[in-house]
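J.: Sequence:
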Amino acid sequence: MVVTPQQLSTLPAFCEGIQYFAEPGDFFALHSKQPVIAQGQVAIADAADPEAVFQTLLAADALRYLTLQITASKASGHPGGFASSAEAVAALFMLGHKNMPTEVGHHAPGYYSAMFLDRSLEAMGIETVAQLRERYRERHGLLGHLSGFIPGILSPAGPLGQGQHFAMAGAKLYPGTLFPVTIGDGGLGEPYVLSAFGHFHTAFPEITNFLPVLVWNGFSQEHHSMVSTLGNEAMINLWRAQGFEEVFLVDAKSFDDQDQQQQQQQPGGPYVDSTRFGFTQRLAFTAAVLAAAHRAAQAALGGTLCALIIKQLKGAGVHARGAKSHNLYAQHTLDNPDIVSALQSRALPPEAWALVRTNFERAGGGPAARVAVTESVRPLPELGELPCEAFAVGGPAKVATTAMGNLVAAVGRADRSFIVSNADGNEASGIANINQALRIVHPTADALYYQEPGGQVYEPLSEDACAGLAAALALLGCRSLWCSYESFAINGLPIWQTVTQAMAELRRPTPSTVCLFTAGALEQGRNGWTHQRPEIENYFAALMRNGNVYPVFPVDANGIQAAYAWALGTVNKGIAIFASKTPLPVRTTLDQGRQALADGAITLLQGSEAPRVTFAVVGDMALLPVFEAAQALEALGIASRIVSVVNPRRLYRPSDVAWQSCSEADGEFLSDEGFERLFGAEVLVGVTGGAGGVLEPVFLRSQARRRETFCWKRGETTASPGELMAFNGLSAASLCERVQQLLI
Numbered sequence: 088m089v090v091t092p093q094q095l096s097t098l099p100a101f102c103e104g105i106q107y108f109a110e111p112g113d114f115f116a117l118h119s120k121q122p123v124i125a126q127g128q129v130a131i132a133d134a135a136d137p138e139a140v141f142q143t144l145l146a147a148d149a150l151r152y153l154t155l156q157i158t159a160s161k162a163s164g165h166p167g168g169f170a171s172s173a174e175a176v177a178a179l180f181m182l183g184h185k186n187m188p189t190e191v192g193h194h195a196p197g198y199y200s201a202m203f204l205d206r207s208l209e210a211m212g213i214e215t216v217a218q219l220r221e222r223y224r225e226r227h228g229l230l231g232h233l234s235g236f237i238p239g240i241l242s243p244a245g246p247l248g249q250g251q252h253f254a255m256a257g258a259k260l261y262p263g264t265l266f267p268v269t270i271g272d273g274g275l276g277e278p279y280v281l282s283a284f285g286h287f288h289t290a291f292p293e294i295t296n297f298l299p300v301l302v303w304n305g306f307s308q309e310h311h312s313m314v315s316t317l318g319n320e321a322m323i324n325l326w327r328a329q330g331f332e333e334v335f336l337v338d339a340k341s342f343d344d345q346d347q348q349q350q351q352q353q354p355g356g357p358y359v360d361s362t363r364f365g366f367t368q369r370l371a372f373t374a375a376v377l378a379a380a381h382r383a384a385q386a387a388l389g390g391t392l393c394a395l396i397i398k399q400l401k402g403a404g405v406h407a408r409g410a411k412s413h414n415l416y417a418q419h420t421l422d423n424p425d426i427v428s429a430l431q432s433r434a435l436p437p438e439a440w441a442l443v444r445t446n447f448e449r450a451g452g453g454p455a456a457r458v459a460v461t462e463s464v465r466p467l468p469e470l471g472e473l474p475c476e477a478f479a480v481g482g483p484a485k486v487a488t489t490a491m492g493n494l495v496a497a498v499g500r501a502d503r504s505f506i507v508s509n510a511d512g513n514e515a516s517g518i519a520n521i522n523q524a525l526r527i528v529h530p531t532a533d534a535l536y537y538q539e540p541g542g543q544v545y546e547p548l549s550e551d552a553c554a555g556l557a558a559a560l561a562l563l564g565c566r567s568l569w570c571s572y573e574s575f576a577i578n579g580l581p582i583w584q585t586v587t588q589a590m591a592e593l594r595r596p597t598p599s600t601v602c603l604f605t606a607g608a609l610e611q612g613r614n615g616w617t618h619q620r621p622e623i624e625n626y627f628a629a630l631m632r633n634g635n636v637y638p639v640f641p642v643d644a645n646g647i648q649a650a651y652a653w654a655l656g657t658v659n660k661g662i663a664i665f666a667s668k669t670p671l672p673v674r675t676t677l678d679q680g681r682q683a684l685a686d687g688a689i690t691l692l693q694g695s696e697a698p699r700v701t702f703a704v705v706g707d708m709a710l711l712p713v714f715e716a717a718q719a720l721e722a723l724g725i726a727s728r729i730v731s732v733v734n735p736r737r738l739y740r741p742s743d744v745a746w747q748s749c750s751e752a753d754g755e756f757l758s759d760e761g762f763e764r765l766f767g768a769e770v771l772v773g774v775t776g777g778a779g780g781v782l783e784p785v786f787l788r789s790q791a792r793r794r795e796t797f798c799w800k801r802g803e804t805t806a807s808p809g810e811l812m813a814f815n816g817l818s819a820a821s822l823c824e825r826v827q828q829l830l831i
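Per the working numbering, the sequence shown starts with residue 88, numbered consecutively.
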């Protein structure tokens with residue numbers, strides 16, 4: 088359709104930038120007299136209404152058109168996967184459900200298109216399609232993958248296999264609100280998606296107001312998906328095996344009037360493209376999707392665990408089909424013949440664009456940027472004064488994790504939404520007191536194991552499921568705690584990192600996501616190298632430069648209480664507390680613990696003479712050989728200072744960290760004078776029982792003439808922590824010998 092100057096002047100303003108339009112036609116005139124979502128309503132009144140079906144089809148094609156046009160405007164992005172889900176997303180929006188996370192980061196341009204149509208993106212100055220195209224994949228614009236920076240977007244999406252956690256967390260926190268979550272059949276091959284659903288449903292059988300929407304299109308990023316060989320019955324049974332009572336599957340092939348499989352136009356086996364159907368069958372397919380989405384949503388909100396599956400060929404309605412539709416490449420500009428042809432095929436009349444926008448804006452009660460649960464701050468119960476116990480310095484040895492566990496129990500009692508997750512068992516980490524106070528959530532009540540329905544301790548044997556639920560709860564406005572062994576936590580860290588990055592971009596404050604990592608490598612001698620993997624500390628060392636990530640290494644049982652109390656008072660941060668489950672000396676007061684968090688470090692030993700050597704020590708157990716070495720050096724007339732590095736993020740220089748780009752910026756860093764007071768000496772020796780990366784800020788700023796690092800090398804089976812430390816060169820004798828060499 089060529090738009091005349093007169094028509095151009097009457098186009099809705101937001102249509103500026105749309106390149107192709109279609110003629111309305113008689114059917115449009117018959118079924119588009121007014122938006123099917125009436126003024127003051129939040130959803131279509133009748134899912135079986137032919138006008139509702141037709142306008143849902145218009146919405147699906149509008150989403151496809153915008154998805155392809157904005158990606159082609161930069162010859163970059165991923166239109167194919169979302170295109171095969173367009174009818175399902177359009178149906179759920181028309182039914183008023185806008186709290187929709189996704190597991191698929193590559194579907195981002197489709198969700199940006201939805202947020203544009205419902206006017207959410209106006210909050211970031213995007214009012215026209217031209218601006219939508221300009222801001223796509225640009226800094227301060229529409230990021231390549233979904234982020235909390237985008238108005239109306241419920242959660243981040245990048246790594247596969249994560250979106251289900253946000254849907255389940257939302258369902259737990261907001262009863263009565265539906266949380267559909269789209270899942271790609273490529274992502275379904277990730278190991279934790281269905282098992283995460285299964286464990287959550289077993290733990291919380293009463294929570295059913297989340298709705299997985301499987302986008303079963305037969306292809307992954309570059310090949311057929313691994314579940315493409317399943318038949319419909321096998322796929323349904325796969326979901327039923329995880330507790331889903333109702334599985335609604337809409338197969339596009341059942342509506343195919345073009346014999347696509349026989350024609351081999353784009354070989355997809357049992358997967359077909361509904362946009363190639365005749366108009367009547369396109370309506371029939373859309374009607375089936377709308378009806379299934381309505382039934383699934385009502386059942387999920389009514390207490391039945393449901394899943395919705397839309398089976399349609401990947402790339403339906405865009406420039407290519409199958410895995411070839413996944414990416415755009417350099418040649419896929421807006422002038423590319425395949426792009427032009429696809430856009431012209433999906434073109435809508437100007438009147439249709441106005442209709443779709445009105446429906447999307449009204450759906451759910453307004454733009455998602457205003458009505459989504461993540462667009463406002465969730466109120467939190469007051470905790471009151473935490474029951475910190477001041478242990479006497481020099482008194483009996485105490486287990487730091489147990490001391491923290493008492494505070495965790497108090498938080499859970501005050502905040503019944505608070506969840507503690509742990510894959511490896513709290514009792515094994517010295518925090519059985521958490522289980523005793525808050526109970527493991529389990530359908531089988533058993534006092535021996537402190538488990539019962541309604542508990543607050545979530546224990547799937549999957550670090551991904553533990554980290555996923557805990558981090559998702561924090562992002563959606565709830566306090567949580569993820570506990571793990573330091574050695575195993577790496578398996579859950581990807582989603583935790585995704586959430587902390589989202590928190591750095593978030594447009595509202597939310598509780599920090601807090602972790603407790605116990606059983607450091609040095610404690611696991613008899614278990615051998617399988618349990619001695621402290622490399623995660625280097626992961627955190629790198630994350631510190633993001634600006635909102637804080638690995639914390641309290642000195643003792645007082646220090647860990649100070650650390651957890653501080654973490655509870657922060658927002659939009661990722662805080663990981665590393666501590667031992669072994670009884671260790673109490674070396675600081677509570678006030679000193681608080682000061683160490685503020686300064687980044689604290690002096691534990693200062694000789695009467697000016698020290699010639701400073702030991703910068705990360706960790707609690709690593710202090711044991713250092714104190715022994717300091718005593719031996721003192722006997723040799725060599726004065727030393729021992730400084731515990733507690734909060735290394737504070738020890739960087741402001742220019743080292745991207746703190747200013749964080750939404751809840753924290754620009755507190757130790758001054759040069761304060762740093763020199765703590766670490767100044769002729770020789771600086773860094774010591775850690777873990778990975779050496781966390782010492783980077785100390786060595787970066789040190790002016791010491793000579794420097795040395797003692798840190799973890801590799802694991803071994805030993806009879807004691809001391810033997811394991813010696814195996815890694817972390818002995819008093821080794822420290823003394825090296826200091827003497829450095830002082831020559």
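Simulated from the structure, these hints should not be mistaken for laboratory data. It is possible that part of the hints are untrue.
To be verified - No farther apart than 30 Å at their CA atoms in a straight line, the calculated lysine-lysine pairs in the DSS-like style are these:
1) K411 - K161
2) K800 - K668
3) K340 - K411
4) K485 - K340
J.: Against each hint, give a clear statement of whether it holds in the structure.
T.: Going down the list of hints, with the structure as the test:
Note on K411 and K161: the hinted pairing holds, with a Cα-Cα distance of about 18 Å set against a maximum of 30 Å. With a C-alpha separation of about 22 Å, the suggested pair K800 and K668 falls inside the 30 Å cut-off, and the hint holds. At most 30 Å may separate the alpha-carbon atoms for a hinted pair to count; K340 and K411 meet this at roughly 20 Å. Of the supplied pair hints, the one linking K485 and K340 is violated, its CA atoms being roughly 66 Å apart against a limit of 30 Å.
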